[in-house]
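Novice: The chain contents come next:
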Amino acid sequence: MATQTPETAGPARPAEKRTPQKEPKREGAIMNVFSQGFLWLWAVMIIVPMVWIVLTSFKSEREIASDPLGLPSVFRWENYVSAWNNAHIGQYFFNTLQVMVFSVTGTMLLGAMAAYVLARYQFPGNKLLYFGFASGMMFPVFLALFPLFKTLDNVGLLYTYPGLILVYIAYSLPFTVFFLTAFFRTLPSGVAEAALIDGAGHYRLFFRVMLPMAKPGLIAITIFNIIGQWNQFLLPLVLLNRDPDDAVISQGLANLALRQGYEGDPGALFAGTVLAMIPIFIAYVIFQRQIQAGLTAGAIK
Amino acid sequence: MRHGKYPFILSFLVLPVGLYAWLVILPFAQAFQISFTDWSGSTNQFDYIGFDNYINLFKDDRFVIPALQHTGIILVVLPIVTIAMGLFFAFMLNVGGRSRQGRIEGVRGAGFHKIVYFFPQVLSLSIIGILWKQVYAPPSFGGLFASGLQALGLPAPVNGFLAEKDLVLACVIGVLVWSSVGFYLVYFSSAMATIPRDFYEAGIIDGAGRFQLFFKITLPLLWESVQTAWIYLSIIALDVFVLIYVMTPDQGGPDGASEVVGGVIWKYAFKFADQAFASALGVVLFFAAMTLAVVTLRAGRREQIEF
Numbered sequence: 309m310a311t312q313t314p315e316t317a318g319p320a321r322p323a324e325k326r327t328p329q330k331e332p333k334r335e336g337a338i339m340n341v342f343s344q345g346f347l348w349l350w351a352v353m354i355i356v357p358m359v360w361i362v363l364t365s366f367k368s369e370r371e372i373a374s375d376p377l378g379l380p381s382v383f384r385w386e387n388y389v390s391a392w393n394n395a396h397i398g399q400y401f402f403n404t405l406q407v408m409v410f411s412v413t414g415t416m417l418l419g420a421m422a423a424y425v426l427a428r429y430q431f432p433g434n435k436l437l438y439f440g441f442a443s444g445m446m447f448p449v450f451l452a453l454f455p456l457f458k459t460l461d462n463v464g465l466l467y468t469y470p471g472l473i474l475v476y477i478a479y480s481l482p483f484t485v486f487f488l489t490a491f492f493r494t495l496p497s498g499v500a501e502a503a504l505i506d507g508a509g510h511y512r513l514f515f516r517v518m519l520p521m522a523k524p525g526l527i528a529i530t531i532f533n534i535i536g537q538w539n540q541f542l543l544p545l546v547l548l549n550r551d552p553d554d555a556v557i558s559q560g561l562a563n564l565a566l567r568q569g570y571e572g573d574p575g576a577l578f579a580g581t582v583l584a585m586i587p588i589f590i591a592y593v594i595f596q597r598q599i600q601a602g603l604t605a606g607a608i609k
Numbered sequence: 002m003r004h005g006k007y008p009f010i011l012s013f014l015v016l017p018v019g020l021y022a023w024l025v026i027l028p029f030a031q032a033f034q035i036s037f038t039d040w041s042g043s044t045n046q047f048d049y050i051g052f053d054n055y056i057n058l059f060k061d062d063r064f065v066i067p068a069l070q071h072t073g074i075i076l077v078v079l080p081i082v083t084i085a086m087g088l089f090f091a092f093m094l095n096v097g098g099r100s101r102q103g104r105i106e107g108v109r110g111a112g113f114h115k116i117v118y119f120f121p122q123v124l125s126l127s128i129i130g131i132l133w134k135q136v137y138a139p140p141s142f143g144g145l146f147a148s149g150l151q152a153l154g155l156p157a158p159v160n161g162f163l164a165e166k167d168l169v170l171a172c173v174i175g176v177l178v179w180s181s182v183g184f185y186l187v188y189f190s191s192a193m194a195t196i197p198r199d200f201y202e203a204g205i206i207d208g209a210g211r212f213q214l215f216f217k218i219t220l221p222l223l224w225e226s227v228q229t230a231w232i233y234l235s236i237i238a239l240d241v242f243v244l245i246y247v248m249t250p251d252q253g254g255p256d257g258a259s260e261v262v263g264g265v266i267w268k269y270a271f272k273f274a275d276q277a278f279a280s281a282l283g284v285v286l287f288f289a290a291m292t293l294a295v296v297t298l299r300a301g302r303r304e305q306i307e308f
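First to last, the protein sequences are chains L and V.
Quick note on this note's numbering: the first sequence kicks off at 309 and runs consecutively.
Quick note on this note's numbering: the second sequence kicks off at 2 and runs consecutively.
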């Protein structure tokens with residue numbers, strides 16, 4: 309996108325003399341009703357299934373089938389207790405946190421290091437490395453699944469959290485490097501030169517000057533990675549499927565859903581689903597501006 | 002930047018590049034190699050058999066052919082519908098309101114709509130899958146749509162929407178659209194915000210209606226964003242798997258009616274133990290993704306309008 313500031317001068321014309329040929333008021337009013345109608349229709353489409361699943365999560369198994377559209381006769385909080393304990397949602401939460409503390413930190417650290425060097429230092433092979441990282445965004449993960457499985461197996465990291473953490477970091481790097489390289493390039497070079505003249509080394513320059521200056525970009529891409537890794541499903545499905553108790557949250561929920569046919573506790577399944585939605589919902593309401601910026605930022609080159 | 006430049010560069014690159022080469026580049030390269038063998042994956046024995054796997058791909062009427070067809074359908078429908086809806090809603094939010102003294106305004110409550118529309122984007126696909134599986138469920142399991150239809154006295158599929166061969170793929174695409182529209186709404190909306198209001202007002206003075214404003218001003222100026230969105234959605238379309246895994250019977254059923262390329266690769270690799278065949282299909286997917294990106298960028302290249 310061209311992002312110059314819009315020309316404010318424009319063709320000179322006094323504001324009060326605007327006389328559009330059509331009647332702007334009526335056309336505008338019809339348009340307004342029309343657009344509000346469609347916008348609300350879609351908003352309802354988003355909200356209704358979510359509210360409905362929350363209501364369903366308080367019902368007994370029989371009630372879910374016999375009265376799907378009504379309110380729950382009593383609010384069965386025991387569904388939530390059962391989801392947390394028997395369906396191990398609590399365990400899955402803890403597992404996911406354990407993985408993500410390391411994988412997100414690692415992604416950001418390694419991603420920022422690589423992006424910084426690629427953005428601000430000239431050296432042979434710079435372009436090639438940048439292209440190597442950036443093209444990784446297009447690779448379909450399916451192709452690498454089995455070799456990846458074997459690679460981890462060979463070094464004893466298959467079915468372990470450290471293995472999954474390393475894979476999360478490696479597969480988050482393309483986008484992180486791509487995005488942060490663009491960001492580091494926009495930072496003014498005057499500050500960096502001044503710091504170098506003052507005798508700061510390259511490391512000091514990076515940690516003390518450049519990283520703090522890149523904060524908005526770092527926050528955006530951290531949010532992106534947190535959401536991406538929290539929702540990751542395919543990688544744990546293949547690389548962490550020996551012990552069901554080890555599952556991360558999205559995998560654990562899916563397993564629970566697939567087991568429904570045999571064990572049949574839909575109330576607990578939906579309670580677990582709602583439980584998994586709650587932290588995301590709270591974070592979303594608080595940080596929605598940053599989240600929207602962070603997730604769409606990647607698409608704006 | 003003089004002394005100690007190269008040791009510094011090296012020290013910063015060795016970990017990220019090493020990890021990336023080890024866990025991303027190398028496995029992809031190995032997959033290409035495996036696709037030319039007859040390796041099952043469970044033993045250490047294999048022979049190179051040239052392009053046989055690739056030829057056999059197109060003889061597999063049970064999985065691969067339907068999967069290619071279904072992924073092809075998703076590849077066309079998902080970007081078109083999502084981008085059209087995203088643009089439509091973004092235009093409504095930004096320019097769809099009343100005009101006051103000739104000034105075009107967005108609708109009221111635009112902030113609220115953006116928050117609501119975007120929310121599915123942050124939910125994991127397994128949550129979305131569980132949610133919608135129940136929405137589509139048969140009336141005897143309390144599905145929302147089926148029970149709603151029955152309450153209105155209309156017929157509903159007895160086994161639920163996902164058990165209908167003709168409906169299952171459309172149902173999954175519907176969920177994909179449902180979860181992605183918000184993202185593209187916000188994305189297009191922020192791009193539209195950079196279009197100066199003067200342009201619209203000039204258009205109105207010249208007697209243009211909203212539809213003309215959209216097609217003559219908004220769309221040409223957003224062309225680059227539309228192109229980027231197209232690439233993103235194409236990648237999503239090629240990688241569809243989780244919803245199929247969570248929602249559909251037999252992870253691609255009923256009767257293969259919702260098999261997709263990603264799911265078939267996973268099945269051959271981890272259920273049927275035929276790594277070589279799975280890798281060959283993966284290579285096809287790889288080149289499809291690359292071709293799409295190049296074609297979209299080439300075809301969409303237009304003169305850039307600066308303002």
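Take the hints with a grain of salt, since some may be wrong.
Claimed, not checked - In silico DSSO-like pairs for lysine-lysine, Cα to Cα no more than 27 angstroms straight-line: (1) V:K268 x V:K60; (2) V:K166 x V:K268; (3) V:K268 x V:K6; (4) V:K268 x L:K458; (5) L:K435 x L:K523; (6) V:K60 x V:K217; (7) L:K523 x V:K6; (8) L:K458 x V:K272; (9) V:K6 x L:K435; (10) V:K166 x V:K6.
Stated by the list, open to error - Beyond 12 angstroms from chain V on every Cβ pair, some chain L residues (computed): (11) K367; (12) Q406; (13) K458; (14) M521; (15) G525; (16) D554; (17) F578.
Claimed, not checked - Derived, one-sided and incomplete: chain V residues facing chain L with beta-carbon distance under 7 angstroms: (18) Y21; (19) Q31; (20) L298.
FYI, nobody ran anything at the bench for these hints, they're computed from the structure.
Glycine included, C-beta positions come from ideal geometry on N, C-alpha and C.
Novice: Restraint: Q31 of chain V near chain L, CB-CB cut 7 angstroms. Satisfied or not?
Specialist: holds, 4 angstroms
Novice: Measuring Cβ to Cβ, find out whether G525 of chain L lies farther than 12 angstroms from everything in chain V.
Specialist: holds, 16 angstroms
Novice: Would you say M521 of chain L is clear of chain V, with no C-beta pair closer than or equal to 12 angstroms?
Specialist: Non-interface label on M521 of chain L holds, nearest chain V Cβ at 17 angstroms vs cutoff 12 angstroms.
Novice: Verify that the Cβ of K367 of chain L lies farther than 12 angstroms from every Cβ atom of chain V, and report whether the claim holds or is violated.
Specialist: With a cut-off of 12 angstroms, K367 of chain L comes too close to chain V, as the shortest Cβ separation is near 8 angstroms.
Novice: Per the CB criterion, is L298 of chain V less than 7 angstroms away from chain L?
Specialist: violated, 11 angstroms
Novice: Need the status of pair K435 of chain L, K523 of chain L: alpha-carbon distance at most 27 angstroms?
Specialist: holds, 25 angstroms
Novice: At 12 angstroms, judged by beta carbons, does Q406 of chain L keep clear of chain V as stated?
Specialist: holds, 17 angstroms
Novice: Is K268 of chain V close enough to K6 of chain V, meaning Cα to Cα at most 27 angstroms?
Specialist: violated, 49 angstroms
Novice: Against chain V, does F578 of chain L hold up as non-interface, every C-beta pair farther apart than 12 angstroms?
Specialist: violated, 7 angstroms
Novice: Measure nothing beyond the straight line between the CA atoms of K458 of chain L and K272 of chain V; if it is 27 angstroms or shorter, mark the hint as holding.
Specialist: holds, 16 angstroms
Novice: Between the alpha carbons of K268 of chain V and K458 of chain L, is the straight-line distance 27 angstroms or under?
Specialist: holds, 17 angstroms
Novice: Given the hint that K60 of chain V pairs with K217 of chain V, test it: the Cα-Cα distance must not exceed 27 angstroms.
Specialist: violated, 48 angstroms
The structure fails hints 3, 6, 10, 11, 13, 17, 20 (numbered hints given earlier, in ascending order).
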